[in-house]
Every structure is written in structure tokens, then in C-alpha cells.
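Participant: Residues per chain are reported as follows:
4 protein chains.
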Amino acid sequence: MFGIKNKKEKNLELGFGTKNYNGSVRFLNKDGSVNIKRKGLNFFDNLDVYHWLITTTSFNLTLVILGGYAVLNTVFALVYYILGPENFGGIEAMSGGDRFMDLFFFSAQTLTTVGYGHVYPHSVSVSTVAAIESLSGLLGFAVATGVLYGRFSRPNAHLMYSDNAIIAPYQGITGLMFRIANTKQNELIETEASLVIAYTNPETNKREFEALPLEINKINFLPMSWTIVHPIDDKSPIYNASVDDLIMQDAELIILVKAINDTYSQTVYSRMSYKAHEFVEKAKFIPIVPEANGGKIKIKLTDIHKYTKLE
Amino acid sequence: MFGIKNKKEKNLELGFGTKNYNGSVRFLNKDGSVNIKRKGLNFFDNLDVYHWLITTTSFNLTLVILGGYAVLNTVFALVYYILGPENFGGIEAMSGGDRFMDLFFFSAQTLTTVGYGHVYPHSVSVSTVAAIESLSGLLGFAVATGVLYGRFSRPNAHLMYSDNAIIAPYQGITGLMFRIANTKQNELIETEASLVIAYTNPETNKREFEALPLEINKINFLPMSWTIVHPIDDKSPIYNASVDDLIMQDAELIILVKAINDTYSQTVYSRMSYKAHEFVEKAKFIPIVPEANGGKIKIKLTDIHKYTKLE
Amino acid sequence: MFGIKNKKEKNLELGFGTKNYNGSVRFLNKDGSVNIKRKGLNFFDNLDVYHWLITTTSFNLTLVILGGYAVLNTVFALVYYILGPENFGGIEAMSGGDRFMDLFFFSAQTLTTVGYGHVYPHSVSVSTVAAIESLSGLLGFAVATGVLYGRFSRPNAHLMYSDNAIIAPYQGITGLMFRIANTKQNELIETEASLVIAYTNPETNKREFEALPLEINKINFLPMSWTIVHPIDDKSPIYNASVDDLIMQDAELIILVKAINDTYSQTVYSRMSYKAHEFVEKAKFIPIVPEANGGKIKIKLTDIHKYTKLE
Amino acid sequence: MFGIKNKKEKNLELGFGTKNYNGSVRFLNKDGSVNIKRKGLNFFDNLDVYHWLITTTSFNLTLVILGGYAVLNTVFALVYYILGPENFGGIEAMSGGDRFMDLFFFSAQTLTTVGYGHVYPHSVSVSTVAAIESLSGLLGFAVATGVLYGRFSRPNAHLMYSDNAIIAPYQGITGLMFRIANTKQNELIETEASLVIAYTNPETNKREFEALPLEINKINFLPMSWTIVHPIDDKSPIYNASVDDLIMQDAELIILVKAINDTYSQTVYSRMSYKAHEFVEKAKFIPIVPEANGGKIKIKLTDIHKYTKLE
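Protein chains in written order, with this note's numbering: chain A, 1 to 311; chain B, 1 to 311; chain C, 1 to 311; chain D, 1 to 311.
One should not assume that every hint holds.
What the hints assert, rightly or not - Below are the DMTMM-like pairs computed for lysine to aspartate or glutamate, each with C-alpha atoms no more than 20 Å apart in a straight line: (1) Lys-218/C to Glu-192/D; (2) Lys-235/B to Glu-208/B; (3) Lys-309/A to Glu-281/A; (4) Lys-298/B to Asp-31/A; (5) Lys-206/D to Glu-291/C; (6) Lys-306/A to Glu-281/A; (7) Lys-296/D to Asp-31/B; (8) Lys-298/B to Glu-208/A; (9) Lys-300/B to Asp-163/B.
Calculated from the structure, these hints are not laboratory results.
Okay, chain A solo, but in the shape it has when bound (with noise of 0.2 Å):
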């Protein structure tokens, strides 16, 4: 029979266990995250604030901001107002809502510090409210300038990845390769890639993993675009796989890639997968060209998805 070939007792080490999951859903999604959630925690376990606000969208954090901002004037304008109205200097508004919102307009100019002093606190009670509330916006805000700047720092590969993986020739045997690409305008230094195919085993109807070893793993430099190859040798588990076999059996290409960003010399990763419906047989790709003029060297990243069916 052919398809993919366990061709190793364990596959511990790419930490994926040995008793694996029934089913064929995809383990990474096609933005990298892995499309697993860790149950059996409490809430509190699970709860990672910061992680959130950090990796959370501009319009979602953009929303916490001033719905905090809001929701914080109303809590603080409301203990005014069960405190009293009257310990406030210059206050001139006689209905009650006039006067709470005079309170909620304080409170804000007392979170933010900007303190015009047209209305004052005038007696201990508020004043003590006012001396905390105006702590608390010093604090809020230095949490913002923390997340604002983890969300800056944060390292992050800005890769392109190919459309699809292709079965190409490839020195005499042939190649499992897709291409990869820095879209950003940092250099990426010291890039890593490795491979891990998941598939079901017929016999077992269960999925396991094996690793896809690649000619070359590492480059120093990724100017231009890197062609990720996994020679298909017969040492290969895919040796004699067709796409066809590798769609049978549910497979899916796990790609982890590792690289410096000599910007922020931080490490960065990106992860990607191809289902086996991406993969491309008996096609190779189109080389990318790169053209020398007006003295710079220019290449068009969009030309890492070509490629050409071979006869």
C-alpha cells in the first residue's frame, strides 16, 4: 500500500504526544494559531490580561479604552454625587442632571490630570475621592503606555507564504516546496524552517505525526525569497505518496519557522499549514527575477505564488 509511511517508533520530540486525535479537523489555522483549546482550567487559570490586550485587534482595544474611560467617569461621578454636590466649588448647574454630569465632566478632567480647577473639590470627602481618582489615571495610564509599547515591540515575522506546496523535481528525485518571503522592510537574519506532516494512519484511524526533513534548514540572510524544499527520497515518509493518497489520508504540512529581525534583533516565528488539497503535483515554480535598474534591485514578492504545470 501506499501513502504516508510512520517511519519512526516515537515522534516525541515534535511535541505532539503519541496517543493522538481522532478526526481531520485542521491543527493550525491558516493564520498560524493553533486551532486547539486547553480545557479543564478555571477561569482565573486561563485568564492572561495582558496577553489579550496585547494581541487583541486596534478596534477591540481601541473599544476597552473608552468604554474604561467611560464606565470609570460614571463610577467616580456617582460617588460625587452620593457625596454631595455642594462639596464642590463652582458648580453652578441647579438640576440634578446638570449637576451630575458638571461631577462626570470633573472626573474626567481629574483622570486624565488635566484639571482646569473651574470646578474644585471643597471638603474632605471629595477631595480624598478626587486624590485617588487622579492616582488611579496616573496608573491606568501608565498600564496604556505599557501596552501600547508591547503591542509596538512586539516581534512579529511579517512573512508571505506561497499559495500552494508543490511536488516539483528536484535533483534527480523529486521536492515537496513552497516558498517564503519578508514582506516588511527589516531583514530577516538566521531563518529556521522545519516540517511536521500529520495525517491518519489507515490502520489505526488515528492521526500521527512525522517529521519532513529538509535539504537545507537554515539561511543567513532572506533578501529575496527562500525556496523550502523536502527532498522526496526513500527515506522520505511521503516516498511514493500521490496527492491523491495524501488527501485520503488527511494531511495536513505543519510549517515552524524561526528568524531574527535585525531591526529589534528580536526572534520572531511564524507558523503556516497546507491541507493536502494546496498541494500541486508535477508543477515547478516560476523563478523569481529579480531586475536591476535605476540602481536599486527590485523583486515582486506577488511572483512567490507562480508556478507551471509540467506535462
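The hints should help you fit chains B, C and D onto chain A, whose structure is shown.
Facilitator: Quick look at chains B, C and D alone, frame taken from chain A:
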């Protein structure tokens, strides 16, 4: 005689020294902190304020901030009071106590830079002190920003360890094994483990340390759980040692784990120890079978503790 | 035929790709930046605001900050003006232009949270805008803190390279060598270098890349200067190539240096290239002899450029 | 002749260069700083303000902050005074000196954004300067936040070295050894050491450098103390050299230590040197015996200096 055997002439490379201590207290506390007190230095050599601020509980930090704020305001209020409340504009209070409170809140408004201005400094002396106070406020707040960012961004491996270490059948022989899992939603990459066993040598009655080699000591990725195994072959220091032998020799299994948190690209460390009475003989871990439903792979982390006794 | 010989079948591992470009523009600019423009992506994929803010000149950053401040104040002043200056207390100006200026400075006082209060918002509408403006000010300032810290703490190797690469006698054969030194007062640790030569293959008329192995590619410590040497033995791609050959093949020596700055414990990178016309044959570097006087060892860094021609 | 022998043809890999200096000044100062002055560059190439702010004493930093604050306030007060105190509201002072003081404190209130508002700008010219001053204050404060965070979070190995290096019996031969310990409450992981000996070659009368290999050059963990040993076997450059020989050749033992501080997961560096007169022959270190009482293991760090002379 059975029990732990010293397999090497020197164990310097473990970092535990050649001359070991008597007695049987834990070397590592259950939370991974090292149960060692370094003495013989004066107070300031040992002092590390930033380390304490970064690692203390949130409750302690809140106390320090609130306490520091109250103390600073009181000190500055006293200085203003000594310089004379008549140097301020806007103070209407008549009694000494009320004037002190006005100056206390003026101080708070200066320290936080909220500066409402209904009370304001009127002479060179108090203006100078207020100028210093507002600068102090800004610098104190700069420190707070650094401390909060330091706490948030501090590398942390949130690992869960199985409650027990198990001596289970392993590839024809037996192995000393335990399981770890990541409790957070980030991913751990390049996880490495090393094991040391501490025990009392019955001949010298001293504590000695031996490395326990692992079959696999590094994995690429820790999406699920990892069973860390020391194979108990004839080269193992605990070859032929029963759990009762290990308890008699007061053995402590010291675990050092190192990984990379890929959200911040930080290397994180975790330490743990099992005392011999937490070892279980003739048992095996129940495999953790991930479920694949709802398009998501789910694993129940608390299952890492579960084992069955073999008859 | 003499000249550079292709010594390997593939040079994938250098990261420059297998299909190379025609033409002879520099690959690395003299300042170490890569002379490559990545195209084919839309504007936002290429955009990396934080990277720009961190790496641009101080002059540009000052312009951005001052410009942003002026624009924001103008926009908020316009909003206040449209909502109506009569919603503010403390405005005494009579003409429209003067009122606008009052609102402009009120905006500046709100954005920076200085809030003198001689002008203050008086209605719900303008108070709401002012509350949003002071929050924006704080957040913008949080961003500025992050950007300034990011600029200061950015890893940077301040290396000086000798003006020329020299082909000098070296241990019986010759070597291609150049010298580097650290220009700053910090120390560089574990400095590593690697060399690649780019040249036009006269047979295919394409650019190719070859690694040039080094006798010593890593040093512990860089207190003085380091002479980096590629021994030109019979395994070298430039064996038997004269400088004229190298110029004809438009050779470019690409240098990647990596080190650790021990003040911040950061890995820093430096890149440089010599074009063939910067090579000097039959010469040798004049040794840099440190002086030991006044209890201090002194070296003159500009001496790293000096060489003598051998007859 | 006895004394230090040059065992290798080249010592490039140590980073001390091949051509060495005459004279006998220390290479490393006792505090680990490098006793080298790099010359030949103009002032700005050598300037590294952030490095200075991060590494200077707290006292110097305080002076810089207070001095900068005073200077900035004086400059802005002068500008306001030149523009005319009549452009301000709230100034009641009559004499020029008093008016200047009012403007000086107005400047301080603007720079720190406290803005009480009893004095406030009244015309376009002074309002513009005040708007620039408050922005400067915020940016200056952003810089201060970065500098303070940079100082706090700077990687630092707080290592204690034994006062002397000892030539003691070691596994049948002798060894050159010294002890190190961590003085802080954090833990050091993966501590690595390397040793170089600098000496004057009596034949050439020049300084040369030799690596001294270590039996163990890396330990997992440094909870107690570590005795670093160079075995003086027949391959050692100091084989058959007495301490008197070493003193005559003005030997200096240069130590580079690297470790990871696990609180911040930072790689930290420490350097030290022993001059030959700090070597002790025919001695051995007194073992540091940890005490285990009160459930805590205690070690006395100052014991690392203690040795006994062997007869």
C-alpha cells in the same frame, strides 16, 4: 545494596557544588522557588528593590503605591504647613487642622499634576517646593510605568505538572516519567527539560546530586502535553532502586524546564520538584485523547494527573 | 580561465536564491542597508509605522511630533469653534480670529493636560470633546514614550570597517582580510562574522553568490580590533583570481557581523560590503600597537585603515 | 626556562589581536570594566548619551535631572520675561525680580503640566511658547521614563568572586581555581565561564594572551557557589610556572562569565581579573557547607574567600 548509586566521580556541572549539606529539607519549593537563603552580605548587597517590585504580589504592590502616595503627601503637606499656609492663595480654612487638610490635598493635586488651582503657591519658598513636588510626581510615575510594564512583560512559563512522577513500563524497561502542559493560550516553542536527583548518600550521610538523562530532552512545540521520561536502564543512578529506597534516601527529583513563549519571543523558565513520596511505582499514565469537535481540537489539561496502577 | 569559480552545486543556504539577477548594482549599500525594493504588495502590507518611527532621523521624528501636535490642535480648535466659543468660560476675545486662537491654545492645554483653567469648557458638548482630547493626549504621549524608548534601546553595533580589503600574505598562502573595531565605549562579546562574495558568472552572465569560509569566525571579546581573514587556499572560490579578475566579474564582498552588546545584553548586527575596486593586492595591514601609559591602554581606531604595499 | 609557554601559533580567537602592547597595566579593572581608551574618533562618534544615562550613578543622574529642570525653567522664564510679563494674567508682582520668579514658577507648572492657572498666558506669543513648553515637558518626561526603565531592567550579574585565585591539588595534579557566587535573590541559569591569561613574553618583551581551558565551563544552575578550575596539566600554558614566575611575567588572569538571570530571562555578563600577586600557591579552599535548619538551606557567601595553606 540497592538505592541510588553515584555514577560519576564529580557532579560539578550540575551547579550544586561538590561539598553538600546534611539534612533533608526540600531543595526546591513546590512553586519552583529555590529554598536557599544567601547570608553573609550586608543589607544593601542583598537589596534589589526593582526585583521585589516586579515579583511581589499585586496586593503588596498596591499597598506600596497607596502607602507611598499617602506618606509623600503627608511629608509635603507638613513642609508647606511649616513654611506657612499664608503663602498660599485660595485657602479659606480657619483652623490649623483644616488648613493642613487643604495643604494635603494641594500636595496630592501637585504630585499627580492635576493642579486644579483653587489653592496655589504664592511665595518663592512654597513655589519652589511645589516645583520639586511636581517633578517628583512625574519621576515617581515614570518609575511606576516601568514597574508595571516590567510586571506585565515579565517572562513566565505557566506550566502545569502532573501531581505525581510515575515509574512506568517504557520500551522494555521502566522509566521515571511525569507530564507537563502549558496552561495559557500562548504557545511554547523549543521546550527543553533537564532532571537532577538529590539524595542522601547512606555511606557519607551527605546530600548528593546526580543528573538523570532523558530520552528526549527538547521538543519543537508544546501544543498538548509532554511526557518527560528518564529511562531506568543500567546506566541510571536509580537502577534497581524502589520507591521505598528513594524515600529512605530522601530523594528529591529536581526539574528545570526552559521554553520560548512565542507571543513575546521570550525564553521562560520553570522549576519544580517531586519528593520521593510523590513517586508512584507500577503505574502508567492514562493517555490524554484530544477531541476534535466543532472544528476545534480540545484537550482537558487536568487529565495530565491521571494514572492507573498496574497489578 | 581564472576568476571566481563556483565551488558548490547549490548556494541556497546563503539566502540569496538560486536564480540570480543580471546587472551589477550594489547588493549592500555602503551603510549596510540592503539595496532591494520589495514590490507587488499594496501600500498597507508594506506599511510599518513603528519601524519607520524607530529608524528615521531625529530631525524627521521632531517634524512628525511638532506637525502632529499642530494639526491635532487645529482640528480640535475647529471643532470647538464650530460647537461655539460661547460654550466656554473665560474667553474674553471679541473677534472671530482671536477666539479661534483662544480655542487653539485651550486645545494645546487640554492635549498636554496642563489645563490652566482660565478658559474652560462650559457645556456638555465641548466638555465631551475636551474629555476625548485629554484622553487622546495621554494616549499619544504613551505612544511617544514607547517610540522614544524604542529608539534609545534599539540594538546597534557601531562598527568601524577598514577602508579597504587587503589580499595579504597569510600563513604561507595569501588571505583576503579586513579589520573591524567597536567605536563605542560599551563592549562587544561573542562577535561572529560571515562572508559572501557576489559576482557575475562569465558563462551564464548572471550574478552568483559564494560563501568565503573564515579561519576564525567567532571571537570572545572585541576590546581592540579584529582582522577577519578568508584564507585563499585551493578550496577558495577566489583561488588564483587577481583583483582585476574580481573587478571584471564585478565582485562584491558581503559581510555579516553579529555580536552581543554587553550593556544591554542585546544581539546586534552589522553589514557592510566592499566592491572589488576597494580590494588592494600585495599589501599588508600595519599592526595597531596599543600604548600603555597613564595606567590606561590606548588604541587609535583610525589606524585600522592603514596598510603598506609590498613590493 | 619555566614560566608561561605560548602553546598555540595564533590566538586570534580570543579577540585580543595578534600584535600586543608593551607594558604591564591592568587589562581589566577590578570592577570588570575594560581598561582601554579608544581614540582617533571625533567627539560625536564617541558620544553615547543613552549609554551614559543608563550606566552612570544615581547621584549623577539626579544631578542631570535637577540641573536640566532648573536650566529649562530659567530659559523659558527668560523668554517669557522678554516677551513681556504683561502678556500674562494673574501676575500681581510689581518688581522685575518678583515678576521673573512668577514666570519661573509658571514655567515649572507648565513643564510638569501641573498648570494651577493662577498665572496664565494671555497673548498669542506667550501662549505659543507655553504650548511648546508643555509639549517639551511631556517629551522630556517620556525620555525620563525610558531612561529609568532602562536602568531598572538593565541586565546585571551580581557575582561575588573569591579574593584570591588558588593553585590547589586537583585530581592528582594541581589546578588554578577561584570561586564565584550570586549575591542576589534571583537565580542564575546556564552559567558559563572562560579564562584567558595575559602575560609578558620574556623573549619578545610583549604582552601575549593564552586561553586556559576549564574542566567544566558551564553549569545548569548556580544556587550555591561554583569553583571554576583550570587543570594545570602538561597542555596548560602555566604548566611548571610558579607564582613567582607568573608575577615576573606580570600575568593577569582574565575571566569572562555569562549567565541567564531567570527573573527577566536576560543574558548577563560579568568580567573580573586577578593579577599574579593575587594568586596563592599550595593552598585549598575551605568547603562551604550549607546548613539546613528552619526548613531553609543557608549558605554564607563570604565563606567563598576562605582557604587554608597546605604545608
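Participant: Identify every previously stated hint that the structure contradicts and give their numbers, smallest first.
Facilitator: none
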